[in-house]
Amino acid sequence: MGEVKKVRTVCRSCHGGCGVIAHVKDGKVIKVEGDPDSPISYGTLCSKGLAVTQLAYHPDRILHPMKKVEGTWERITWDEALDTIAGKFKKVINEYGPEYIVVGQGTGRDYESHLYRFANLLGTPNVLTAGHMCYVSRVASTLITCGNLPICDYRGNPKCIIMWGCNPQWSNPDEYKGVDFWKAYKKGARLICVDPREGFVAKKADLWLQLRPGTDAALAMGFHHVIIEEELYDKEFVDNYVHGWDAFKERVEEYPPERVEEITWVDRELIRKAARMYATTKPACIHWGVPTEQTINCADCTRIMTGLMAATGNLDAPGGNVLYVNPPTRTVAEFARHRDLSPQQRAKRLGGDQFKLGARVALINPKKAWDSILTGEPYRLKAGILCGTNPVITRANAREAYEALKRLEFLVVIDFFLTPTAELADIFLPAGTWLEQNHVADNWKRHGFVLARQKCVEVGEAWQDHKIFLELGKRMGQEWWDTVEDALDYLLEPTGLTWEEFKEKGYLRGEMVYRKYRERGFSTPTGKVELYSTVLEKWGYDPLPKYREIPESPVSRPDLAEKYPYILNAGLRTPTFFHSANRMIPWLREIRPDPIVEIHPDTAKKHGIREGDWVYIESPRGRIKERAKLNDGIDPRVVVAEHGWWYPEDKDPQHGWDVSNINILTDNAYETLDPAIGSTNLRVCLCTIYPCNEAS
Amino acid sequence: MGEISLMFFRKDCMGCHACEVACKQEHGLGVGPRLVRVIERAPVFTPIYCHHCAGAPCKEACPVEAIFRNGKGIVWIDPEVCIGCKACMEACPFGAMQFDDETETAVKCDLCQDRLEKNLGPACASVCPTGCIVWGDSKTLSEEAVARAMAL
Chain A
1 MGEVKKVRTV CRSCHGGCGV IAHVKDGKVI KVEGDPDSPI SYGTLCSKGL AVTQLAYHPD
61 RILHPMKKVE GTWERITWDE ALDTIAGKFK KVINEYGPEY IVVGQGTGRD YESHLYRFAN
121 LLGTPNVLTA GHMCYVSRVA STLITCGNLP ICDYRGNPKC IIMWGCNPQW SNPDEYKGVD
181 FWKAYKKGAR LICVDPREGF VAKKADLWLQ LRPGTDAALA MGFHHVIIEE ELYDKEFVDN
241 YVHGWDAFKE RVEEYPPERV EEITWVDREL IRKAARMYAT TKPACIHWGV PTEQTINCAD
301 CTRIMTGLMA ATGNLDAPGG NVLYVNPPTR TVAEFARHRD LSPQQRAKRL GGDQFKLGAR
361 VALINPKKAW DSILTGEPYR LKAGILCGTN PVITRANARE AYEALKRLEF LVVIDFFLTP
421 TAELADIFLP AGTWLEQNHV ADNWKRHGFV LARQKCVEVG EAWQDHKIFL ELGKRMGQEW
481 WDTVEDALDY LLEPTGLTWE EFKEKGYLRG EMVYRKYRER GFSTPTGKVE LYSTVLEKWG
541 YDPLPKYREI PESPVSRPDL AEKYPYILNA GLRTPTFFHS ANRMIPWLRE IRPDPIVEIH
601 PDTAKKHGIR EGDWVYIESP RGRIKERAKL NDGIDPRVVV AEHGWWYPED KDPQHGWDVS
661 NINILTDNAY ETLDPAIGST NLRVCLCTIY PCNEAS
Chain B
697 MGEISLMFFR KDCMGCHACE VACKQEHGLG VGPRLVRVIE RAPVFTPIYC HHCAGAPCKE
757 ACPVEAIFRN GKGIVWIDPE VCIGCKACME ACPFGAMQFD DETETAVKCD LCQDRLEKNL
817 GPACASVCPT GCIVWGDSKT LSEEAVARAM AL
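Same order as they appear, the protein sequences are chains A and B. Read in the numbering used here, the first sequence has 438 at position 438, and its numbers run on one by one without any break. Read in the numbering used here, the second sequence has 743 at position 47, and its numbers run on one by one without any break.
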């Protein structure tokens, strides 16, 4: 028996960043612990990260490449797999063009730089990511508004925090994990919670604004109205650093608290109180999450919130929302060689003309991909490679996603398990978990850190995703490096460190400078915070942000609401799962064995539903079942349901993908998408509920 | 240090279940026994855990004296002696006694004795993101409990 070796690395069971010490014995990770020296997590760790050994050594994990022969999976070598894929891709490129290949990822395992490099050097503009409705949408909207993503500066001691549609302690936040928020709160910061559901943050908050799901943009405009009316804004900042303040003010006049109360269900006095608290307690920051992005109001809601930071002088101020300075590694954009994609190829991006903000950040909307495959308009995608993504579970209107992927001529999936999406593939490539990865972690983030994720073990024949793109890219004749580590040396070069040296250091932090705008303005066309966006104006969109009613709500569709009287608030996060992942992990599934839909006790009573009953949730697009949990912390007109469910224990190749999958119910019709970035509405639609035993 | 105890400050428990998985990993437990468990009734979360009671009912109920208390106040169970009668599970007022179907014996929190020897503290406390799990001298903990109850 060998010695236990302790390896310092970085978790990636969600968006990563938390420090881990892995105990390795005889070539196997036997235990993981939190790293007390981590600048992100300070020794804490969540259930997902702690369960990584049950992921890495899961009996169902696929540890070698496979191909499908007449409907059955057969083991093949890496050479055969990569040669087959390269051969097929070359054929598609020669016969049709590189844009006929779609490259896709989910929330990613820190490989976006490599995936994009592969796509750009391939010459395809069709990269399908979660970014159209998660994080990148936030980055894109703030890039055009103030030049970068403004992030809560918890270390700068905020005195007031608005937690807006976000639960960083439970979910998978992109920048800081929940620990820094908690520290700031414990230091005595005032807390305002905006959430349709009473969670832990709402319980702790000074003010809880229980809004109608999807109306965040209207509420944020209501805040502006109060701040302007009561002259609580920072006149010096607004006069010198905001473009279009007067025009914006005029738009805000359309949102008096009385009207905002009607739209959002939040009491007008509470709106006034919250706006005053935020505007007058300095410094103050806003931490917002995906619920505000996964609706038709995606880009505008982010722009309105950025406006709140600007109007109150909290932008790039200590303890406010700041534009962090990252360590000087090569950026994802540079590594990925976005500039190498020719204008001719860019012009062929599916939906590029329609969703110009999405095109600006190099992604496409999934509906565009499905339509291309199913209708052949404007051309029919021929092949695809999907990495760490399970779109038949996680994308809106899941039946359409399933049908499209089934029909795609040639599909490659890179993953750990045969997910319902992977089962539709022709070639399966086994990915390495974060225990099997060497990478400069968090290089894509904007929180000022990069961290050394170092390989602890190798498991079977699995490769880290980066190596897969590198080896496949080389077979396509692309310019890559000999090894993953050589590529990391290139990524780190501007820092003056090699991968080996960086690994020893553990992490790098950028040197923070506050209020950079005083020296160099904001990185926008006017050099100011563009509440009136010259970029959106140039593209033909409304340059001023506004609230659009959710296309399928009791307000917009009273006709539908007769049959579907409840607002479905989809996508409730659970601390044990990351989107569609982890349902096969014994320790985690034990904690949460079933998908949960939360129903107000009055609503449940009306339908004869008791706690623990299986209930059908039905929308105009179909029905699924989840288990009822009664919760009086939600509005009786709303039901709140978990997302991401499939049943890995069901050995049929469909793995129960459509039994409890909330996205069977959500819609992806074009009129429901954000017009600028193409964000899908994964959050809000109409539904009805009834006990399963009542159904035929 | 006198007798050692473990305490969860319920009002700061946000129901993340990290303690549960850390405990399973530390004790090599599979599905079934949950030496610490958080019951969710959002927004309230209730941790169920062993209080290492002064007059431990589990110990009193055990017909074969498999449960004992060591010099540090930690209530232990000896799996070699346990006959799997579950009397201790009946007796525990907190629902903290668990049963392992694999070994057919009762199992319980041992405050991570291996870690305590290295002055590391129990695994559950080491990972808790809100710091709601504390361990240490029983008397000091009681005083801290009062102070924290009055604070934020």
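Note that these hints are calculated values from the structure, not bench results. If you're wondering where the values come from, they're calculated on a predicted model, not measured in any experiment. We put the CB at the ideal spot given by N, CA and C, even for glycine. It is possible that part of the hints are untrue.
[To be verified] Chain B is faced by these chain A residues, among others (derived, beta-carbon under 8 Å):
(1) T44
(2) G71
(3) E95
(4) Y96
(5) G97
(6) V179
(7) W182
(8) W587
Hint-by-hint comparison with the structure:
no.: 1; hint: T44; in the structure: 4 Å, holds
no.: 2; hint: G71; in the structure: 33 Å, violated
no.: 3; hint: E95; in the structure: 50 Å, violated
no.: 4; hint: Y96; in the structure: 48 Å, violated
no.: 5; hint: G97; in the structure: 48 Å, violated
no.: 6; hint: V179; in the structure: 5 Å, holds
no.: 7; hint: W182; in the structure: 6 Å, holds
no.: 8; hint: W587; in the structure: 5 Å, holds
In the structure shown, a violation is registered for the earlier hints numbered 2, 3, 4, 5, in ascending order.
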